[in-house]
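Visitor: Construct the complete structure from the given sequences, taking the supplied hints into account.
There are 2 protein chains.
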Amino acid sequence: MDKRISEAELEIMEALWRRAPLTAAEVAESVDEDRGWSPQTVKTLLSRLVSKQAVAHQKDGRRFLYSPNVARDDYVGGESQRLVDRLFGGKVTPLVAHLAERDALSDDDIEEIERLIRGLKS
Amino acid sequence: MDKRISEAELEIMEALWRRAPLTAAEVAESVDEDRGWSPQTVKTLLSRLVSKQAVAHQKDGRRFLYSPNVARDDYVGGESQRLVDRLFGGKVTPLVAHLAERDALSDDDIEEIERLIRGLKS
DNA sequence: TTTTCCCGTTTACAGCTGTAATCGTTCTGA
DNA sequence: TCAGAACGATTACAGCTGTAAACGGGAAAA
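Just so you know, the sequences run in chain order W and R.
In this text, residue positions in the first sequence follow UniProt numbering: the first is 1, and each later residue adds one.
In this text, residue positions in the second sequence follow UniProt numbering: the first is 1, and each later residue adds one.
Hints are not guaranteed to be accurate.
Since the list can't tell identical chains apart, any single copy or any two copies may satisfy a pair.
In silico EDC-like pairs for lysine to aspartate or glutamate, Cα to Cα no more than 16 Å straight-line [to be verified]:
#1 K91 x D107
#2 K91 x E114
#3 K121 x D108
#4 K3 x D74
Note that these hints are calculated values from the structure, not bench results.
Since this is a predicted model, take the numbers as computed values, not measurements.
Guide: Written as structure tokens, this is what we have:
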């Protein structure tokens, strides 16, 4: 948990959050579908993540097994907080209000948020 | 509305969203407090924003007047959507749930969101 | 044993960012 | 009229990103 994780690196993290530990080749497989990256690219991203300490690797014979070193929840929480801080003065309500106004909320969403909020109140 | 606005550039946008049109010098003044940028830096950021078409400039004598070319609301909406897409599978509810779980919501927030949701339902 | 393959590591390279300094031109005050 | 001042434009430069290719060493296959 050192420097920020870039967009491409996030793809790698998602693969490792889905399943870990994985070898570089397995990560490449788990990710290639959508992005079409060469295995080299995946390896580069993995080592960058290792130096950023977002990913840990332990030797397994002559190869490495990679595992996330940051919980997805923590990452997601941090990023959400960043957004809220940067754009909504640190307040969550305006974010929700904003999404609501932009019709980004379906009726089901509204229903569900209401249930959620109701749960929080008790 | 072309390429993405970077973090530093966002500071400039915020100044222009607060008040516009402004000269480069005025932007620098309106922003310098927190960041401690040299006026040159502000000018560089302004021209980058102009080439990204996030800012418009019209000649006023031998200087330019700069104005935002993107509404803050649109920008904020786009960024929020990006976050929701990248980290919450495009669903808003998990975001709210997440913030709630992380205790990022005060009682007042909850109260207010509830009011907001209630408003949406009717 | 020799060739081939697989790994991780190193190097590459262009585009974006942060942060300016410098340049050329034009207005302005002396 | 002539030297600054003020502007925008051009150039700088290191660090981060996206996207690999090349390299070197060991393991596996022939």
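Visitor: Going through the earlier hints one by one, which of them does the structure break, listed in rising order?
Guide: The structure breaks none of the hints.
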